[in-house]
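Take these sequences, add in the hints, and give me the full structure.
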Amino acid sequence: MLRLEDVKMANGTFRLAADLTVPAGQKIAVIGPSGAGKSTLIETIAGFLPVFGGRILWGDTDLTKVGPGQRPLAILFQDGNLFPHLSVADNVGLGLRPDGRLNRHQRDAVARAIARVGLDGLETRAPAALSGGQQSRAALARVLVQARPLLLLDEPFAALGPALKDEMLDLVSELVRETGASLLMVSHDPKDARRITDQVVVVMQGQVFKPQPTGALLDNPPEALKAYLGGGNS
Amino acid sequence: MAARTQPLTRWPGSFAAILVGILVLACLAAVLLRAEGGRGLGPSDWAAVRFTLVQAGLSALISVALAVPVARALARRRFAGRGALITLLGAPFILPVIIAVLGLLQVFGRSGWISQGLGWLGLEPVQIYGLHGVVLAHVFFNLPLATRLILQAWQEIPAERFRLAASLGAGPRAMWQLLEWPMLRQVLPGALALVFAICLTSFTVALTLGGGPKATTIELAIYQAFRFDFDLGRAALLSILQIVLTATAGFMALRFSVPATFGGGLDRLVRRWDGHTRRARIGDTVVIVLALGFLALPLLAVVLSGLAGIGDLPLSVFRAALVSVGVSALSTVVLLGLAIPMAVTVSLSRGGMVEMAGLLGLAASPLVLGIGLFVILNPWTDPVALALAVTALVNAVMALPFALRILVPRARQVVAQHGRLGVSLGMAGRAFLWRVMIPGMRAQIGFSAGLGAALSMGDLGVVMLFADPDHATLPLQIYRLMGAYRMEQAQGAALLLLVLSVGVFWALDRGGRWHAEA
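Protein sequences, first through last, are from chains A and B. Taking our numbering, the leading residue of the first sequence gets 1, the next gets one more, and so forth. Taking our numbering, the leading residue of the second sequence gets 235, the next gets one more, and so forth.
Simulated from the structure, these hints should not be mistaken for lab results. For clarity, every value in this text was computed on a predicted model and none was experimentally measured. Glycine included, C-beta positions come from ideal geometry on N, C-alpha and C. Heads up, a few of these hints could be off.
Stated by the list, open to error - Computed Cβ-Cβ distance ranges for the label pairs, DEER-style:
#1 B:E390 with A:T13: 26 to 36 Å
#2 B:M587 with A:F14: 29 to 39 Å
#3 B:G545 with A:P84: 48 to 58 Å
#4 A:A129 with B:L526: 33 to 43 Å
#5 B:R747 with A:R97: 21 to 31 Å
#6 B:F249 with A:R97: 24 to 34 Å
#7 A:A128 with B:M587: 31 to 41 Å
#8 A:N11 with B:T615: 50 to 60 Å
#9 B:A314 with A:P84: 29 to 39 Å
#10 A:A129 with B:I474: 58 to 68 Å
#11 A:A129 with B:A530: 37 to 47 Å
#12 A:A224 with B:F485: 49 to 59 Å
#13 A:Q106 with B:P613: 54 to 64 Å
As the list claims (entries may be wrong) - Just a few of them, taken from the derived set where beta-carbon distance is under 10 Å, the chain A residues facing chain B:
#14 P50
#15 G80
#16 N81
#17 H85
#18 L86
#19 L94
Here it is in structure tokens:
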């Protein structure tokens with residue numbers, strides 16, 4: 001369970017406050033207008049931005065001072081999720097050992113993960129020799145071997161076409177169900193939220209609001225969110 | 235802070251910067267402390283100061299003045315081999331000075347090609363020694379540099395402006411007033427300052443083509459005071475003058491902030507609608523042919539005469555070549571050992587102090603550092619025994635500003651592109667350095683290693699201060715052969731040095747790019 005206790009965040013001069021609980025196994029979308037602080041929230045949870053008040057807890061463990069690589073989470077960014085000079089297998093292997101010295105069990109795990117996301121046979125390819133969708137799959141294979149109990153997505157599929165994006169979201173949905181991980185996913189598109197999440201966290205006006213059931217919130221959004229969502233969509 | 239949000243630590247680069255800072259400042263301090271009045275600076279010393287300023291000023295003016303038409307011709311002409319010619323313009327940077335001097339002697343010397351031609355016409359041979367020889371050699375080295383700087387500025391004029399000017403029917407005069415002169419006014423001061431600063435510390439050229447009371451630079455006077463008069467106090471006093479001049483000129487060159495000219499990008503051709511007149515076309519062709527001849531003929535002379543002499547080189551030349559390869563290798567290792575951590579540190583933050591330390595090499599001249607190291611080492615050990623190590627070290631410090639200029643932009647890019655991913659995967663530290671940072675910077679590391687190795691291979695400077703007969707580097711051995719009037723052997727050895735310098739640059743640069751991706 002992830003808990004943000006009265007956390008005060010900042011990105012430059014921008015300020016954001018959150019008091020939030022993400023139960024284990026929950027799938028949550030983070031939505032809100034551009035510049036409202038969705039990425040600030042994700043990056044603070046991931047440990048890239050400092051906290052100016054409050055605590056971030058994982059169960060009983062205080063994560064506030066823990067480095068990004070040591071937190072119990074995996075993250076996919078908008079872009080640059082693969083190292084271009086390493087093969088698919090090497091990129092996935094980084095999820096197990098940053099120095100890349102894998103033993104046989106670990107190599108097997110990498111092969112299984114690559115097969116699971118449907119990339120078998122492409123282990124030795126460089127990322128540049130993959131399609132956009134295949135690159136996303138490779139990054140997800142790494143998330144799989146990382147086996148962290150929380151997955152953060154900062155719109156990693158934004159550059160993909162609609163059909164491909166849906167395919168990736170379904171894959172994410174399957175993977176978190178298989179591993180029992182919690183998911184926190186930034187999205188611009190309410191359809192994405194409906195597709196795979198149970199709950200929605202709205203980030204707006206410097207505040208992170210409490211999670212609410214996805215369907216109910218999107219069917220009947222509060223006034224301030226209506227303008228952002230646009231009339232009568234989803 | 236326990237939490238690491240940066241993929242790498244800063245301290246190795248800070249440590250390297252402190253080492254460089256201490257080394258350079260300690261040398262300067264040692265020189266300051268050791269400088270003593272004695273009989274002060276005599277008239278010959280002031281003559282050296284005057285000559286230094288005059289030759290640097292003339293070299294800068296002539297190089298830049300000639301570079302303007304060459305850059306203009308290259309900017310608006312498209313011809314086969316244009317890219318190769320622009321690459322050739324970068325070559326003098328890694329060309330050992332002693333080789334260029336030999337080549338220039340064969341073309342412009344008393345018994346050179348031009349004098350022979352004049353002889354057939356019944357005219358007197360030209361004289362190369364003295365002020366005009368020194369300036370000639372400096373123009374040979376700096377005309378290409380100035381041309382690249384100006385060409386770059388020329389190509390940075392947006393193509394739309396040329397289109398606009400063409401649509402307004404602007405002729406050559408209007409084109410000049412509207413576009414070219416405003417651009418030149420921006421770039422020329424920087425180019426002048428840079429060439430002036432480079433020529434201030436001229437040593438090898440003055441040593442071989444100048445000399446005598448009338449044509450001695452400060453750098454050469456330091457060497458003579460130290461080596462012939464055994465007057466360390468006066469050498470130190472001259473060093474202070476040199477520091478003041480180089481630091482001032484270096485500061486000036488930095489202020490006018492000349493853009494970096496390393497790397498490619500110059501073979502782009504802006505589409506232009508001017509210069510189609512017959513006169514412009516012929517003029518540009520003549521300019522390009524003359525510039526090509528001026529740059530290529532001396533090199534051709536080195537190769538031709540070298541082929542004749544390389545057959546019977548004495549063993550001493552090969553021994554010296556081996557020494558040079560060793561010095562160059564050591565210098566390159568030191569250079570990379572300093573430059574890579576410093577580039578990493580600069581890329582993680584603004585890194586002001588570290589960047590400053592990297593530039594310190596520009597404030598001191600090689601011989602000033604050499605004298606400083608002699609003063610520091612002398613009480614403890616025999617500096618002559620350390621001559622080669624000292625040479626390698628000074629070469630590395632002098633190459634450091636160039637290496638940083640190549641490495642830092644790429645280091646910034648790698649950190650920006652991959653830093654967060656590396657940190658999120660727990661790669662911060664060693665794993666990120668070896669698996670991401672170094673592979674990502676491979677091409678730039680290879681390029682700067684190539685530059686450093688070639689510069690060190692061809693350097694004739696500090697080694698002259700300390701060298702004994704048994705420990706010559708190849709450039710020094712060539713100089714000795716020239717001094718003994720064994721020109722054929724000197725020319726053969728020069729070809730060997732040319733092959734080594736170009737070869738080591740090519741191999742390292744190429745090695746960095748081999749199989750490099752993204």
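Going through the hints against the structure:
1. B:E390 with A:T13: 26 to 36 Å: holds (34 Å)
2. B:M587 with A:F14: 29 to 39 Å: Holds, at about 30 Å.
3. B:G545 with A:P84: 48 to 58 Å: The hint (48 to 58 Å, Cβ to Cβ) holds, given that G545 of chain B and P84 of chain A are roughly 50 Å apart.
4. A:A129 with B:L526: 33 to 43 Å: With Cβ atoms ~42 Å apart, the hint holds.
5. B:R747 with A:R97: 21 to 31 Å: holds (29 Å)
6. B:F249 with A:R97: 24 to 34 Å: Holds - the Cβ-Cβ distance for F249 of chain B and R97 of chain A, about 28 Å, lies within 24 to 34 Å.
7. A:A128 with B:M587: 31 to 41 Å: holds (38 Å)
8. A:N11 with B:T615: 50 to 60 Å: Hint holds: Cβ distance 56 Å, inside 50 to 60 Å.
9. B:A314 with A:P84: 29 to 39 Å: holds (35 Å)
10. A:A129 with B:I474: 58 to 68 Å: Between A129 of chain A and I474 of chain B, where Cβ atoms are some 60 Å apart, the hint holds.
11. A:A129 with B:A530: 37 to 47 Å: With a Cβ separation near 42 Å, A129 of chain A and A530 of chain B satisfy 37 to 47 Å, so the hint holds.
12. A:A224 with B:F485: 49 to 59 Å: holds (56 Å)
13. A:Q106 with B:P613: 54 to 64 Å: At roughly 58 Å between Cβ atoms, P613 of chain B and Q106 of chain A fall inside 54 to 64 Å, so the hint holds.
14. P50: Holds, because the Cβ-Cβ distance from P50 of chain A to chain B comes to roughly 8 Å (cut-off 10 Å).
15. G80: G80 of chain A check passes; min Cβ-Cβ to chain B is 5 Å, inside 10 Å.
16. N81: holds (6 Å)
17. H85: holds (5 Å)
18. L86: Where the cut-off is 10 Å and the nearest Cβ of chain B is about 7 Å from L86 of chain A, the hint holds.
19. L94: For L94 of chain A, the interface hint holds, since the closest Cβ of chain B sits about 5 Å away, which is under 10 Å.
When the structure is compared with the earlier hints, no violation turns up for any of them.
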